[in-house]
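Student: Each chain, letter by letter, is given below.
Protein chains: 2
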Amino acid sequence: MAENILIVGAGAIGCFYGSLLARAGQRVSMVVRSDYEIAQAHGITVESILGHWNFKPEHIVKTARDYPEQAAYVVLCTKVTGEVNRVELIRDVVSSSTVIVLIQNGIDIEAEIAQAFPANLLISGLAFICATKTRPAYVEHSAYGRLAVGDYPQGISDATRAFAAMFDDSGIECITTDDVVTARWQKTVWNAPFNPISVLSNGLDTQTVVNTQETYLRKIMSEVAEIARALKHPLRDDVVDLNIESTRKMPPYKTSMLIDYQHGRTMETEAILGNAVRAGQAAAVNTPYLSSLYALMKLREAQIEHLKTTA
Amino acid sequence: MAENILIVGAGAIGCFYGSLLARAGQRVSMVVRSDYEIAQAHGITVESILGHWNFKPEHIVKTARDYPEQAAYVVLCTKVTGEVNRVELIRDVVSSSTVIVLIQNGIDIEAEIAQAFPANLLISGLAFICATKTRPAYVEHSAYGRLAVGDYPQGISDATRAFAAMFDDSGIECITTDDVVTARWQKTVWNAPFNPISVLSNGLDTQTVVNTQETYLRKIMSEVAEIARALKHPLRDDVVDLNIESTRKMPPYKTSMLIDYQHGRTMETEAILGNAVRAGQAAAVNTPYLSSLYALMKLREAQIEHLKTTA
Numbered sequence: 000m001a002e003n004i005l006i007v008g009a010g011a012i013g014c015f016y017g018s019l020l021a022r023a024g025q026r027v028s029m030v031v032r033s034d035y036e037i038a039q040a041h042g043i044t045v046e047s048i049l050g051h052w053n054f055k056p057e058h059i060v061k062t063a064r065d066y067p068e069q070a071a072y073v074v075l076c077t078k079v080t081g082e083v084n085r086v087e088l089i090r091d092v093v094s095s096s097t098v099i100v101l102i103q104n105g106i107d108i109e110a111e112i113a114q115a116f117p118a119n120l121l122i123s124g125l126a127f128i129c130a131t132k133t134r135p136a137y138v139e140h141s142a143y144g145r146l147a148v149g150d151y152p153q154g155i156s157d158a159t160r161a162f163a164a165m166f167d168d169s170g171i172e173c174i175t176t177d178d179v180v181t182a183r184w185q186k187t188v189w190n191a192p193f194n195p196i197s198v199l200s201n202g203l204d205t206q207t208v209v210n211t212q213e214t215y216l217r218k219i220m221s222e223v224a225e226i227a228r229a230l231k232h233p234l235r236d237d238v239v240d241l242n243i244e245s246t247r248k249m250p251p252y253k254t255s256m257l258i259d260y261q262h263g264r265t266m267e268t269e270a271i272l273g274n275a276v277r278a279g280q281a282a283a284v285n286t287p288y289l290s291s292l293y294a295l296m297k298l299r300e301a302q303i304e305h306l307k308t309t310a
Numbered sequence: 000m001a002e003n004i005l006i007v008g009a010g011a012i013g014c015f016y017g018s019l020l021a022r023a024g025q026r027v028s029m030v031v032r033s034d035y036e037i038a039q040a041h042g043i044t045v046e047s048i049l050g051h052w053n054f055k056p057e058h059i060v061k062t063a064r065d066y067p068e069q070a071a072y073v074v075l076c077t078k079v080t081g082e083v084n085r086v087e088l089i090r091d092v093v094s095s096s097t098v099i100v101l102i103q104n105g106i107d108i109e110a111e112i113a114q115a116f117p118a119n120l121l122i123s124g125l126a127f128i129c130a131t132k133t134r135p136a137y138v139e140h141s142a143y144g145r146l147a148v149g150d151y152p153q154g155i156s157d158a159t160r161a162f163a164a165m166f167d168d169s170g171i172e173c174i175t176t177d178d179v180v181t182a183r184w185q186k187t188v189w190n191a192p193f194n195p196i197s198v199l200s201n202g203l204d205t206q207t208v209v210n211t212q213e214t215y216l217r218k219i220m221s222e223v224a225e226i227a228r229a230l231k232h233p234l235r236d237d238v239v240d241l242n243i244e245s246t247r248k249m250p251p252y253k254t255s256m257l258i259d260y261q262h263g264r265t266m267e268t269e270a271i272l273g274n275a276v277r278a279g280q281a282a283a284v285n286t287p288y289l290s291s292l293y294a295l296m297k298l299r300e301a302q303i304e305h306l307k308t309t310a
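Each protein sequence line maps, in turn, to chains A and B.
Start counting the first sequence at 0; every next residue gets the next number (numbering that gives the first Met the number 0).
Start counting the second sequence at 0; every next residue gets the next number (numbering that gives the first Met the number 0).
Among these hints, one or two may not hold up.
If several chains are the same, the list does not tell them apart, and a pair holds so long as it fits within one copy or across any two.
[As the list claims (entries may be wrong)] Calculated cross-link-like contacts (lysine to aspartate or glutamate; reagent style DMTMM-like; alpha-carbon spacing at most 25 Å):
no., residue 1, residue 2
1, Lys218, Asp237
2, Lys253, Glu304
3, Lys248, Asp237
4, Lys231, Glu109
5, Lys253, Glu300
Bear in mind the hints are in silico, worked out from the structure with no lab data behind them.
When you get a sec, could you build the whole thing from the sequences and use the hints?
Tutor: Next comes the structure, spelled out in C-alpha cells:
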C-alpha cells in the first residue's frame with residue numbers, strides 16, 4: 000500500500016531520497032520554498048550515478064500547512080542551523096499517528112523534535128552520500144548514498160522497518176540500527192574533523208589532509224570517541240583507525256560544510272561541532288581539539304558576517 | 000664615533016630601523032635583493048607616523064659578500080622561514096669582532112645563529128611595530144615601534160647597550176633586557192594566537208576576535224605561559240589578562256602573518272607556532288590548543304601550495 004510521505008526541505012537530501020521513495024511507489028509530496036515555481040513547472044531532476052530521472056511530487060506546497068493530505072511519514076531534510084525552526088516547519092502536518100523522520104546531520108539534534116512531539120514515533124536517520132543541488136530543483140548525486148535509520152532514542156519499530164524497506168530495490172541501501180545515537184557519534188568521528196578543516200584550510204581535499212596531518216586528525220577523532228564512551232555510546236576500539244584508513248581510500252571528497260561555505264550558506268557548525276563540544280562538557284570530557292575547531296569556525300562565521308555588512 | 004652597520008633583509012623592519020640608525024649618524028649599509036635597482040636609484044623611502052624621510056644607505060649590495068667594509072654590527076631583519084638560510088646570508092661579513100643582531104619574530108630562533116658563530120656576541124631583538132613595505136623600497140610605518148634587545152642567551156653587554164643607545168632621540172624607544180628569551184616568550188603570548196587566527200579566519204580583525212572568543216584566546220595564551228614556566232622563563236602571573244586587556248584597547252590590528260598571507264609570501268608558521276609546539280614537547284607540556292593552530296596553519300600552507308601547482 001502506498002503511503003503518504005511529505006518531505007520537508009528541498010535540498011539535495013530531500014530531493015534525492017524523496018525521488019527514490021516516489022520511484023518505489025510511495026505517494027511523495029514536497030515542501031519547496033525557494034524553487035517552488037520551477038519545481039511546479041518541471042518537477043525535480045535527479046542526475047545520479049544510478050541514472051537520470053525526473054521526479055514529479057504528488058503535491059508541491061510552499062509550506063506544510065498547504066499539504067492537503069494526512070501524512071504517514073513527515074521527513075525533515077533541512078539543514079540543522081539556527082536559521083531553521085524545524086518544529087514550526089512541520090507542526091501543521093504532525094497528527095497523533097504521524098511518524099517523524101529526520102535525515103539530518105549532527106549530534107543531539109533529535110531532542111528538540113522529541114520534546115515538541117512527545118507522542119509521535121521519531122525516526123532518526125543518517126545519510127552517507129555525496130549529493131549537491133547544483134541549480135534550482137536539480138540535484139547531482141555523485142557518490143555513496145547509504146541511509147541508516149533507527150528509533151530515537153533507541154530500538155527499531157515496525158514503522159522504521161517499513162520505512163527502510165521502501166528503499167529496497169532502489170539501488171540505495173537503508174539499514175536499520177537499534178542504537179541510532181551511537182551511529183550519530185560514529186558518523187561524527189569523521190564529520191567533526193573533516194567538515195571544519197575543509198573550510199578552515201580554504202578547501203583542501205580530504206586526501207591531502209589525511210596524508211599531511213594524520214596525528215592531528217587522530218586527536219580530534221579520539222575526543223569524539225571519548226565523549227561517546229562517556230555518554231554510554233561506546234564506539235569500536237578501532238574507530239579512529241578505520242576512519243583514517245577509509246579516508247585514505249576515498250576519492251578526494253568535498254564536505255557538506257565546504258559546499259555550504261562556498262555557496263554562502265549557513266554552515267552546520269552548531270549541529271556538528273557545537274553540540275559535540277557541549278556534549279563533552281556535559282560528560283566532563285576535556286575537548287581542546289574540538290573546542291579549537293569550534294572557536295575557529297565561529298570566528299570564520301564572524302568574518303563572513305563582517306564581509307556581508309561591509310559589502 | 001659612527002659604526003659600520005650592515006642590515007641584512009630589506010623588508011619593512013630592516014628598512015625602518017636601518018633608516019633610524021642612519022639618521023642617528025651611523026654608517027648604515029643594506030643588503031637588498033629584489034629592490035636593488037630602485038633602492039640604488041632612489042634610496043629607501045619611509046613614510047612614518049614620526050615623519051617622512053628618504054634613506055640613502057652608505058652601500059647597497061646584493062649580497063653580504065659585496066659589502067666592502069668591516070661591519071661592527073650585522074643586523075638580520077629577514078623573515079624566519081625555511082626559505083631563508085640566515086647563516087649563509089651573513090657568513091661572509093662575520094669576523095671575529097662582529098656583533099650579530101637579530102630583529103626577528105619567533106621562539107628559539109637564536110640557537111642556529113649561535114651555533115654557527117659561537118665566538119660572536121649575539122644580540123636578540125624584538126620589534127613591537129606595525130610597518131609594511133607597500134611597494135619596492137617604500138615602507139609605511141603606521142603604529143608602535145619599540146625595540147627590546149638583550150644578549151643571547153642572557154645578559155646585557157656593553158655592545159648591546161651601545162646598540163640600544165643609537166636609537167636615543169630617534170623617536171623610537173629601544174630597551175635592553177637581561178633575559179631576552181623570556182621577552183620572546185612574552186611576545187609569543189600574543190603572537191601565537193593572533194597571527195594564525197587572523198589567517199585562519201580569513202582576515203578577521205583583532206578586536207572582533209577578542210570580543211567573540213576570549214575564552215579560546217586565554218586557553219592558547221595559557222599554554223604559551225605554561226611552556227615558558229616549564230623552561231624556567233616564567234612570565235608574569237597576569238600575562239594573559241594583560242594581553243587580553245591590551246588587545247581590547249588596541250586599534251584593530253593586521254598581523255604580520257596576515258599581511259604575508261595576503262601578499263602570497265611564506266608565513267612564519269614554524270618560527271612562531273612550530274617552535275613553540277616543539278618547545279612544549281621538549282618541556283613535556285601538553286599543548287592541544289597550540290598544536291591545533293599549528294596543524295591548521297600547515298594545512299592552510301598545503302592548500303596555498305596546491306593552488307600554486309594547479310594555477
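Student: Output the indices of the hints that this structure fails to meet, ascending.
Tutor: Of the numbered hints, all hold.
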